Amino acid sequence: MLVKKRGKQELRSIWDWRITAVAAFLLVIIGLLGISFGPINLAFDQIFKTILGLPNGLTEQERSVLIDLRLPRVLLAALVGGALATSGAVYQTVFRNPLADPYLLGAASGAGLGATIAITNAHGNLYGLLPVFAFCGAILAVLVGFFISGKFFAEPNSLLLSGIAVGSFATAIQTYLQQRHSASLRPVYSWILGELTAASWRVVAWSSIYIFIALAILFAISKQLDGLALTDEEAYSLGVNPNQIRVIAVIAATLATATAVAASGLIGFVGIVVPHLVRGVSHRVTNRALPTIALVGAGFLVLADLGARTLLSPAELPIGVITAFVGAPFFLVVLRRKRLVNQ
Amino acid sequence: MIEIQDLTVRIGATEILKDLNLTINANNWTCFVGPNGAGKTTLLKSILGSQPYAGSLKDEGVEVFNNHDRNVAFVPQHPQIPVGMSVTEYVMLGRAKRDGWGTESKESRALVVDTLKLTGLYGMQNQFITRLSGGEMQRALIARALVQQPELILLDEPTSALDLHHQISVLNKIEILKERDVTIISTMHDITLAAMYADQIVVMKQGRILRSGPSDIVVHSEQLKEAFENRINVFTLDSGRSVILPNK
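These protein sequence lines map, in sequence, to chains A and B. Taking my numbering, the leading residue of the first sequence gets 2, the next gets one more, and so forth. Taking my numbering, the leading residue of the second sequence gets 400, the next gets one more, and so forth.
Be aware that one or more of the hints could be misleading.
What the simulated footprint calls covered on chain A by chain B, stretch by stretch (three residues with Cβ under 8 angstroms from a Cβ of chain B suffice, anywhere in the stretch; the number is not a length) [as the list claims (entries may be wrong)]:
hint: 1; stretch: 56-69
hint: 2; stretch: 225-231
Under 7 angstroms between C-beta atoms, here's a sample of chain A residues computed to sit facing chain B [as the list claims (entries may be wrong)]:
hint: 3; residue: Leu12
hint: 4; residue: Arg13
hint: 5; residue: Asp17
hint: 6; residue: Leu278
hint: 7; residue: Val282
Read the hints as simulated data drawn from the structure, not as lab findings. Computed from a predicted structure; not experimentally measured. Built from N, CA and C at the ideal position, the CB exists for glycine as well.
Produce the entire structure from the sequences given, and follow the hints as far as they go.
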């Protein structure tokens, strides 16, 4: 039915901003659910009363749950989800590869190595610096890949290949370190599965700075990113400088990814599922969808985190388990529908 | 008018174009012919401005390399066909520069509808571009170039993927541009078609220009035969039209 309707339509707009509005609305709803539910449930009306400073709000203890635990955690989930989904979409465009994800260029393995170094350090006082180590590891791995490939401009996929090589190398060192310090296995493993438990206002503050800068850059060039779907000469004739846009896009997306990884570990599937979901549902591949992809990514991760906190309450599931468990089947449904429309 | 002086292009250690000198008139159709590897496509990319070169290549007196102020449409021989993009989105890309990469203007939408009708693509505007046939894809490329409303259009083998009927239909659409004061530069393998449509023909071989001039003179020149190692014959029909056939 959908197919029939599409065939007869007048000229569609390139992007329908009503989709963005729906995504923003859903994010607000999901955000409210996220701060309300958990091992201790907070009532909506009491949350509002507390925020507005009216009487009959939350108790002192509930207030502290809301402000010190729930709010930073929901905000961090939204930030990380938005960052990963947007970077995934951007990498998919730059490398013209629908399977590209934010961790492809070695960011994940680099961050993993950085985190492992922080955890396995004999002096044991580096755990607090784990985000810094993970962040630097991610950026370094991508940079090394960038310089090894050397011909990013001529052939973007060469960066992909050298990124994979650098990633394997970093993973090898990480595995070696883990073998030497078997006590570190568990913390490293749980970090790799992704965790938002460490969310605090401090983490939210520094990660939001980097993520907002990266996303602002990506949104600003989002329309020009569409030109990268063509040959470089075509892009050039349409007013895009393809080499420049590719470099800016990769740097900004890597900054967003490294920040997300440093703040919350490796959370898989968001960067692949969300862009394809938005593009599949809207039937559009334009990068004008990036702000919408960020909103949906944020909502997706807040929802996944809500599941992680409540499904086995009071125990917590690793959030990476939820994103993959929900994401994979969902993804297959979208892919299947897309193929039906394509035929 | 495009003025080329001592143009040399190197890619790696290879000299693709060697010391070219050429003047291309505005509002004309100029066609580059010559065997594979003659440097036709590289010359097109140089005129586009995306290809670094040594020497001078001026369009209306301005050096073209990395000059984004010009409005030049480029129709490649082997386009990258974006997966999941509709015909409308694809053609609308031609408006990106004018609309400032913002939301498309009303004007653009009207123009895209008109152009889709002109190129016979109206009715399939919401189809995926990947599902178009060779001829439809070529028309989509031409449509994107048309909505760009360029001053100059560069076409790399615009007819190579098409059957005879579609070759003529595409070339006729390109010819319309001359009425709109657009300068047309193309490469073409089929010299008979080049002689039919182009005002000026440039014969190239191994990075050099052997001959350039009005089509009806150049097709009868020795240099054209030389470019193809005397393996072609040129016939003139009673109508005055030239036909170029390979020697067996």
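Exercise for review: With a cut-off of 7 angstroms on the beta carbons, see whether A/Asp17 makes it to chain B.
Suggested key: violated, 10 angstroms
Review point. Are there at least three residues in the stretch 56-69 of chain A whose beta carbon sits under 8 angstroms from a beta carbon of chain B?
Key: violated (count 0)
Check your understanding: How about A/Leu278: closest beta carbon in chain B under 7 angstroms, or not?
Key -> violated, 13 angstroms
Exercise for review: Examine the stretch 225-231 of chain A for residues whose CB is less than 8 angstroms from any CB of chain B, and state whether their number is three or more.
Suggested key: With 5 residues close enough to chain B, the hint holds.
Practice item. Verify the interface restraint on A/Val282: the C-beta must sit less than 7 angstroms from at least one C-beta of chain B. Key: With Cβ-Cβ at 12 angstroms, over 7 angstroms, it is violated.
Practice item. Classify the hint on A/Leu12 as holds or violated, based on whether any CB of chain B lies nearer than 7 angstroms to its CB. Key: Hint on A/Leu12: holds, closest Cβ of chain B at ~6 angstroms, below 7 angstroms.
Review point. Taking 7 angstroms as the limit, does the beta-carbon of A/Arg13 come near enough to a beta-carbon in chain B?
Key: Nearest chain B Cβ about 6 angstroms off; hint holds.
Going down the numbered hints, you'll see the structure goes against 1, 5, 6, 7, while the others check out.
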